[in-house]
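Peer 1: As a plain string of letters, each chain reads:
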Amino acid sequence: MENKTRTLYMIPYIGWIILFVVAPIALVVYYSFFDIHGNFTVGNYGKFFTPVYLKMAISSFWYAFLITIISLAAAYPTAYLLTKTKHKQLWLLLIIVPSWVNLLLKAYAFIGIFGAHGAANQFLDIIGIGTKQLLFTDFSFVFVSVYIFIPFMILPIFNALDNLNPSLLDATKDLGASKWTTFRRVILPLTLNGVKSGIQVVFIPSLSLFMLTRLIAGNRVITLGTAIEQHFLVTQDWGMGSTIAVFLIIAMFLIMALTGFRRRGA
Amino acid sequence: MKKLMQAFIAVLLLSAVLLTAINRLNATEGYSGENTLTVFNWGDYIDMELVEQFEEETGITVIYETFDSNEAMLTKIQQGGTTYDIAVPSEYMVQKMMEEDLLVELDHSKIPNMKYLDERFMDLSYDPGNKYSLPYFWGTVGIVYNTKLLEGKEFSSWNDLWDPALENDILLVDGAREVIGMGLNSLGYSLNDTNRDHLQEAYEKLTKLTPNIKAIVGDENKLLMQNEEAAIAVVWSGDAADMMWENENLDYVVPEEGSNLWFDTFVIPKTAKNIEGAHQFINFFLDPEINALNTEYVSYSTPNKEALKYMPEDMVEDERFYPSPELTERLEVYENLGREHLAYYNDLFLEFKMYRK
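Those protein sequences? They're chains X and G, same order as listed. If you're matching positions, the first sequence starts at 529 in our numbering and goes up one per residue. If you're matching positions, the second sequence starts at 175 in our numbering and goes up one per residue.
Treat the hints as calculated values from the structure; they're not laboratory data. Please read all numbers here as calculations on a predicted model, not as lab measurements. Built from N, CA and C at the ideal position, the CB exists for glycine as well. A hint or two may mislead.
[Stated by the list, open to error] Derived contacts from chain G toward chain X, CB cut-off under 8 Å, selection only:
1) Glu328
2) Lys388
3) Glu514
4) Ala517
5) Lys527
All chains should be modelled from the sequences, with the hints used to inform the complete structure.
Peer 2: So, in structure tokens, the structure goes:
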């Protein structure tokens, strides 16, 4: 009886997974085997390994890596300090609120801030550095991306730190461990899962960023996402667009495998 | 549990109320019967006073809706939820809509005013014989530049953009045909060239432009030029007119080698219910005097030869928007090159964007 109800409850879940996860991925793989004339081909995969797409893939990975590392470097201390504050839930909320604002709106705001006559340049002028070109540079692209992704990095790390049993820290003190040792041997290993899920939710979407590459980087940064967008909307070469998507999916599975599936030993 | 059920029922009831409200709203908005005409146009692209005059003269009530991109318009017409009687797609979209069988053939006998249209702009490759579309406004692709920032530098040729003094000054529009076309034009080739050697040559020439390019952007270029974020941009003349309206330091030029010629056109989509009224509407706006007033309001270039006589001289003689006959000769409409050539254009464009690193 119990087993039957459980199967019954599984139906919506399995239906969802088939309709919205398995079927789209299968379709993407299916389309990747057709050229622009609708003939079956494996040529798209060959084309992916030409210098243009390889370079694009490498640059996508490089920027995604930069965005993730910088987010992590900023998020870990922030999350740590948050757990020490008095009204930590309130502070956490304040950090998360900007992620409710539409992405396009935030991008447009940054065009204003980083512009030649924007607030950032006025500030640089006042402190005597003088105006610099900020918009349409690698710096602005990485900065805005980090700004957008950082709440997703802070949240899992904060949760992990918050769930840390304080008596463990007391114990390390009693046993004479230095602060650094405590961090390295106790805090870090126990919050590693938070860090891993943070990396997943930041690295994977930033691999296929495409809107910011045009709005903030003025197409100076070309990611695989840009190419997919162009192939689907302009060229109507769905085959090549799908092929790139297949490689992105493979990359995502690899990252999940590297950061998620491996369980820590006792 | 009881509370949960109550909450659940409340949500259901609320959804039902909202659903009926939405249906009501949609019904009134989309209604298009005997005496109404639903016009689907770009935002701020018609003089509403003239639309009122049309309503008074014909007794037809006009329902006016706007879109902001050809693709968005296409999607709404494909869905068929609203009975649009008139739409205003650009010429490449006309071709696409023809292919997808979304247009009603025009009855030329009901549009006597079409004789006023300049024959240079009729019977072009996108719609031979103007069976489905009539031009509403036309324009070019050219260079808009800030005279204040550039201290009086003049432009006349595409090749002027390659000047090393213009380092990091230029905004390009994010479109493969516009950018590759610019490269082809600067070399004296046709915009519709499909010769691979010529295209390769254009690509190599474009890579030399790289140091001068500040960014490759979309519609943001209006905002960026108005705020003097960059000194030069390659844009459609319509966007240029908008920018110049906002910032008086801006000027526009159509390069002498030639450029693209684009159209926004009147069509009657298959969704139309009031086909008679739609013809009346098109005919009304092709009337020379009406067309002149409308053109003054919109400030794009009109294809109506007769209307030019009713317009202020400084507007008609403005060579930036009404180029000389010799230059107009060198303007070309984008032909549908077919997927394969288009894919090649896009591959080159993607490579060009990649080259900038």
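Peer 1: A separate judgement is required for each hint: does it hold in the structure or not?
Peer 2: Structure-based check of all given hints:
Violation of the interface hint for G:Glu328 is found here, the shortest Cβ-Cβ separation to chain X being roughly 23 Å, above the 8 Å cut-off. Taking 8 Å as the C-beta cut-off, the interface hint given for G:Lys388 holds, the closest approach to chain X being about 6 Å. A distance limit of 8 Å between C-beta atoms decides the matter here; for G:Glu514 the minimum to chain X is near 6 Å, and the interface restraint holds. Using the Cβ-Cβ criterion of 8 Å, the hint placing G:Ala517 at the interface with chain X is satisfied: the shortest such distance is roughly 5 Å.
Taking 8 Å as the C-beta contact cut-off toward chain X, the hint placing G:Lys527 at the interface holds, the least distance being around 5 Å.
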